[in-house]
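In case you want the letters, here they are:
Protein chains: 4
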Amino acid sequence: MPSHLALLSCLLVLLLSLDKFLLHYLKRRWFSAGSGAKGPAKSRRSMATAKWSETAMLVIDMQKDFVDPAMRSPMLVAGGEAVVPTVAEAVAVARKRGIFLVWVVREHDPSGRDVELFRRQHYSGGKGPTVKGLKGAELADGLVIKEGEYKLVKTRFSAFFATHLDSVLKTAGIKNLVIVGVQTPNCIRQTVFDAVALDYEKVTVLIDATAAARPEIHLSNIRDMKNIGVETPTLEEWRR
Amino acid sequence: MPSHLALLSCLLVLLLSLDKFLLHYLKRRWFSAGSGAKGPAKSRRSMATAKWSETAMLVIDMQKDFVDPAMRSPMLVAGGEAVVPTVAEAVAVARKRGIFLVWVVREHDPSGRDVELFRRQHYSGGKGPTVKGLKGAELADGLVIKEGEYKLVKTRFSAFFATHLDSVLKTAGIKNLVIVGVQTPNCIRQTVFDAVALDYEKVTVLIDATAAARPEIHLSNIRDMKNIGVETPTLEEWRR
Amino acid sequence: MPSHLALLSCLLVLLLSLDKFLLHYLKRRWFSAGSGAKGPAKSRRSMATAKWSETAMLVIDMQKDFVDPAMRSPMLVAGGEAVVPTVAEAVAVARKRGIFLVWVVREHDPSGRDVELFRRQHYSGGKGPTVKGLKGAELADGLVIKEGEYKLVKTRFSAFFATHLDSVLKTAGIKNLVIVGVQTPNCIRQTVFDAVALDYEKVTVLIDATAAARPEIHLSNIRDMKNIGVETPTLEEWRR
Amino acid sequence: MPSHLALLSCLLVLLLSLDKFLLHYLKRRWFSAGSGAKGPAKSRRSMATAKWSETAMLVIDMQKDFVDPAMRSPMLVAGGEAVVPTVAEAVAVARKRGIFLVWVVREHDPSGRDVELFRRQHYSGGKGPTVKGLKGAELADGLVIKEGEYKLVKTRFSAFFATHLDSVLKTAGIKNLVIVGVQTPNCIRQTVFDAVALDYEKVTVLIDATAAARPEIHLSNIRDMKNIGVETPTLEEWRR
Numbered sequence: 001m002p003s004h005l006a007l008l009s010c011l012l013v014l015l016l017s018l019d020k021f022l023l024h025y026l027k028r029r030w031f032s033a034g035s036g037a038k039g040p041a042k043s044r045r046s047m048a049t050a051k052w053s054e055t056a057m058l059v060i061d062m063q064k065d066f067v068d069p070a071m072r073s074p075m076l077v078a079g080g081e082a083v084v085p086t087v088a089e090a091v092a093v094a095r096k097r098g099i100f101l102v103w104v105v106r107e108h109d110p111s112g113r114d115v116e117l118f119r120r121q122h123y124s125g126g127k128g129p130t131v132k133g134l135k136g137a138e139l140a141d142g143l144v145i146k147e148g149e150y151k152l153v154k155t156r157f158s159a160f161f162a163t164h165l166d167s168v169l170k171t172a173g174i175k176n177l178v179i180v181g182v183q184t185p186n187c188i189r190q191t192v193f194d195a196v197a198l199d200y201e202k203v204t205v206l207i208d209a210t211a212a213a214r215p216e217i218h219l220s221n222i223r224d225m226k227n228i229g230v231e232t233p234t235l236e237e238w239r240r
Numbered sequence: 001m002p003s004h005l006a007l008l009s010c011l012l013v014l015l016l017s018l019d020k021f022l023l024h025y026l027k028r029r030w031f032s033a034g035s036g037a038k039g040p041a042k043s044r045r046s047m048a049t050a051k052w053s054e055t056a057m058l059v060i061d062m063q064k065d066f067v068d069p070a071m072r073s074p075m076l077v078a079g080g081e082a083v084v085p086t087v088a089e090a091v092a093v094a095r096k097r098g099i100f101l102v103w104v105v106r107e108h109d110p111s112g113r114d115v116e117l118f119r120r121q122h123y124s125g126g127k128g129p130t131v132k133g134l135k136g137a138e139l140a141d142g143l144v145i146k147e148g149e150y151k152l153v154k155t156r157f158s159a160f161f162a163t164h165l166d167s168v169l170k171t172a173g174i175k176n177l178v179i180v181g182v183q184t185p186n187c188i189r190q191t192v193f194d195a196v197a198l199d200y201e202k203v204t205v206l207i208d209a210t211a212a213a214r215p216e217i218h219l220s221n222i223r224d225m226k227n228i229g230v231e232t233p234t235l236e237e238w239r240r
Numbered sequence: 001m002p003s004h005l006a007l008l009s010c011l012l013v014l015l016l017s018l019d020k021f022l023l024h025y026l027k028r029r030w031f032s033a034g035s036g037a038k039g040p041a042k043s044r045r046s047m048a049t050a051k052w053s054e055t056a057m058l059v060i061d062m063q064k065d066f067v068d069p070a071m072r073s074p075m076l077v078a079g080g081e082a083v084v085p086t087v088a089e090a091v092a093v094a095r096k097r098g099i100f101l102v103w104v105v106r107e108h109d110p111s112g113r114d115v116e117l118f119r120r121q122h123y124s125g126g127k128g129p130t131v132k133g134l135k136g137a138e139l140a141d142g143l144v145i146k147e148g149e150y151k152l153v154k155t156r157f158s159a160f161f162a163t164h165l166d167s168v169l170k171t172a173g174i175k176n177l178v179i180v181g182v183q184t185p186n187c188i189r190q191t192v193f194d195a196v197a198l199d200y201e202k203v204t205v206l207i208d209a210t211a212a213a214r215p216e217i218h219l220s221n222i223r224d225m226k227n228i229g230v231e232t233p234t235l236e237e238w239r240r
Numbered sequence: 001m002p003s004h005l006a007l008l009s010c011l012l013v014l015l016l017s018l019d020k021f022l023l024h025y026l027k028r029r030w031f032s033a034g035s036g037a038k039g040p041a042k043s044r045r046s047m048a049t050a051k052w053s054e055t056a057m058l059v060i061d062m063q064k065d066f067v068d069p070a071m072r073s074p075m076l077v078a079g080g081e082a083v084v085p086t087v088a089e090a091v092a093v094a095r096k097r098g099i100f101l102v103w104v105v106r107e108h109d110p111s112g113r114d115v116e117l118f119r120r121q122h123y124s125g126g127k128g129p130t131v132k133g134l135k136g137a138e139l140a141d142g143l144v145i146k147e148g149e150y151k152l153v154k155t156r157f158s159a160f161f162a163t164h165l166d167s168v169l170k171t172a173g174i175k176n177l178v179i180v181g182v183q184t185p186n187c188i189r190q191t192v193f194d195a196v197a198l199d200y201e202k203v204t205v206l207i208d209a210t211a212a213a214r215p216e217i218h219l220s221n222i223r224d225m226k227n228i229g230v231e232t233p234t235l236e237e238w239r240r
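Protein sequence lines correspond, in order, to chains D, B, H and A.
Residues 1 to 240 in full-length UniProt numbering are what the first sequence lists, from first letter to last.
Residues 1 to 240 in full-length UniProt numbering are what the second sequence lists, from first letter to last.
Residues 1 to 240 in full-length UniProt numbering are what the third sequence lists, from first letter to last.
Residues 1 to 240 in full-length UniProt numbering are what the fourth sequence lists, from first letter to last.
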């Protein structure tokens, strides 16, 4: 066997054996050239890639009736409008990282028959908060569901209550959740506590991309979530 | 107190005391005049009215991909098309009786990420059985959801699995279920067994408004349901 | 028709029209004679009887590892021991009223395999908080399950999470819940929010028969529960 | 570069490229030397080890009231007693393979308040089928729960219905289920269908370690389970 043939086969095997790693490296080198990332930043991003494929972001109840004062909905969350830009920014970061995005919304029957008992009085004449098809059920201006993202309809506070969300997430290999939206003491917190009960390994609430009627309500709930092991960074801390 | 005043007050009290019953009677008398109902029939209907307000009919999976051979869907139920007219008739009877109608359908994400694992291979390129928005997810020709009826989306066999159906039914005072649709060994049976587990008092399956791939599959499942106390009349027997 | 006849018939009708109320009143008068109850108190109790048969009291996590400092459990709730007497008193009142009592407890496998992920590090060598059969899983001294009462084992915060509690309560005709035990931000609150999601008509938390690690945690959670329609009396207010 | 150097580097790369497989092979060769296993048997067992750590066996309802005619229980499954030895043998095989064993049993309140509605008439005077603490709730003679195995109490047909079984299995890394016990059309089948709905990758029913009242009931249910992708070997086929 002549030496150049041996060398050739050697290189071939080398290439084949490195397949995934090499391709991965080249892809990153070529496609992220414009991002200016260098050295350590790069390796951090690489570990992140693995991590983010096991992470989903739940965007909760960012609908006009909850966050847009113009709707004059009885369900308006006082602090909701203020966090729309931060939620939008968090969504943008999630998309860049390849995180699976789930848009959790309420959509109710015009009769109100699928609403919590204590809220049914808000429904009559085919109208009421977040009735399916009405304007109040739409996402807040500036928020859009893109292809490949998932819309999940719920009828109670928790995104996991009587829905198939856990199945969608678990069969997609999701182990970690990042949660944004409104409002902290109800839909955010119930989703978070159910996520812990359902054995997600890491649950993160972005404290400036979530909101309640008043700051002290927001903060006391963040405190309680921290106490059961939930991470509570700001968007800025989380995006680093 | 003069006698006519006494009589007047007497009549007034009589009217007030009879309130509901009288009003009910008059309403029936006036509004059902054209129906030709007489004597015993009337009283039977009256008892029925009470009963039917506690009954819901679940129409399961009557979607084109399941019952319309023209769709060429891998999910086609061989015996499905044949029962469409009986299902339509059962729905008509339910409407006449004032029974609450729930249209249970599958609607899946184009990616198939919310489908059972063993069926995910059917989804690619944004297509697959009963994908939300595609023709195969529509109700079979001749079946229409009317105002006041409820559409419930599910992603597994049982209409109760990871859905809010039980809440909608129980808070509407529903105690009895009548079930029609396809197919007997999977979605029908799983819904029926879950209904029994969820403590519905009477579960009825209309045996000629349900279907399977082959008659012996249909019948063996009807036998098993009978064995746990489910009623299994024909549409004709049920409508009497 | 002479006026006295008219008056007579008038009275007769009046009596008939009052039927239920009158009969109810007479029954109470005759059958509860021996109870020493008098006047207004009596009628209040009567209405109550009806109400209490549709009410259940959930006593949550009143186990040694949660409320007895002597156990030196990592799960000890700082404010727990102080409310044991009030819980015992609430239980006594419930028994007197004929309220259905459900004792909700955690009982875990010695391996910790059925505990929340973030608490599994507490289990090793067959020991850990509220392991089934160990002393820490027993009810606090002074609390005893009597015949006709129900023990329900749970493995997560909410008494309704992955348990058959809802079925036991709903098939017993229970519509209202009274909740006591520990601790407010976790097991109490999650049970309360799930009860609201599960359509119980009235949910009551006795604020001095529940406790948290610190008063401000207790109070901020009471505030949030009030905000979704939960009643929050003291034991004294509730027993009146 | 001389040809032998090239060849050497070529081999080195080849070895590195095979990394996992080779290391795996060597590890097995070195560490299992003492076990007396040889050739093909060894490698088969090794692959199996990986597989079995992700497999759980559910032993369902093998309680005296279901399989022991001496109990004279209304719940006796006619074909149940005959499969006790096969179930015991299947359990022995599972233990040898290191499969996680879950003993699923019914244990009911003496009042019957946690039983399906259509069976409550069997409970009175503190007695009834599989009442907790009574002899009928015990495992059939010859079956014993060993340390490290798990006992799960259920109150409905499916082992997953309103229980925390899914959490125990998923957090233990279980992906595959092997199911034995009684009876095929009810508890076996409902558990199997729920397992499919809950996204277990492989569900296996041992057809001679499960039983129904009559053979044709058993077989028609096996047929239906096969039709949704369930594997249905005999114990002999499965143990190979």
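It is worth saying that the hints were derived from the structure and are not from the lab.
Quick caveat, the model's predicted, so the values are computed rather than measured.
Glycine residues also receive a C-beta, built at the ideal position from the N, C-alpha and C atoms.
Take these hints with a grain of salt, some might be off.
In the SDA-like style, the derived pairs of lysine to any residue whose C-alpha atoms are separated by at most 25 Å in a straight line are [what the hints assert, rightly or not]:
hint, chain 1, residue 1, chain 2, residue 2
1, A, K151, H, K51
2, D, K170, A, S111
3, B, K170, D, V153
4, H, K127, A, S111
5, D, K146, A, K151
6, H, K51, A, S111
7, B, K202, B, D141
8, H, K146, H, P215
Covered, in the sense of this in silico footprint (three residues per stretch, anywhere, with C-beta under 8 Å from a C-beta of chain H), are these stretches of chain D [what the hints assert, rightly or not]:
hint, segment
9, 89-101
10, 136-149
11, 181-192
12, 195-201
13, 211-221
Tested hints:
With a CA separation close to 38 Å, the supplied pair K151 (chain A) and K51 (chain H) exceeds the 25 Å bound. Under the criterion of a C-alpha separation no larger than 25 Å, the hint pairing K170 (chain D) with S111 (chain A) is inconsistent with the structure, at around 38 Å. Distance hint between K170 (chain B) and V153 (chain D) is fulfilled; the C-alpha atoms sit about 20 Å from each other, no more than 25 Å. For the proposed pair K127 (chain H) and S111 (chain A), the alpha carbon gap of about 33 Å is over 25 Å, so the pair is violated.
For the given pair, K146 (chain D) sits about 45 Å from K151 (chain A) by alpha-carbon distance, which is inconsistent with the 25 Å threshold. With a C-alpha separation of about 22 Å, the suggested pairing of K51 (chain H) with S111 (chain A) holds against the 25 Å cut-off. About 30 Å separates the Cα atoms of K202 (chain B) and D141 (chain B), which puts this hinted pair outside 25 Å; it is violated. Note on K146 (chain H) and P215 (chain H): the hinted pairing is violated, with a Cα-Cα distance of about 32 Å set against a maximum of 25 Å.
A count of 0 residues in the segment 89-101 of chain D with a Cβ less than 8 Å from any Cβ of chain H is obtained; the coverage claim is therefore unmet, three being the minimum. Restraint check on the segment 136-149 of chain D versus chain H: 0 residues with Cβ-Cβ distances below 8 Å, three needed, restraint violated. Closer than 8 Å: that is the beta-carbon criterion, and the segment 181-192 of chain D has 3 residues meeting it against chain H, so the requirement of 3 holds. For the segment 195-201 of chain D, the stated coverage by chain H is satisfied: 4 residues place a CB nearer than 8 Å to a CB of that chain, which reaches the threshold of 3.
Beta-carbon proximity to chain H at under 8 Å applies to 4 residues in the segment 211-221 of chain D; the threshold of 3 is reached and the given coverage holds.
In terms of the numbered hints stated before, the structure departs from hints 1, 2, 4, 5, 7, 8, 9, 10, listed from lowest to highest.
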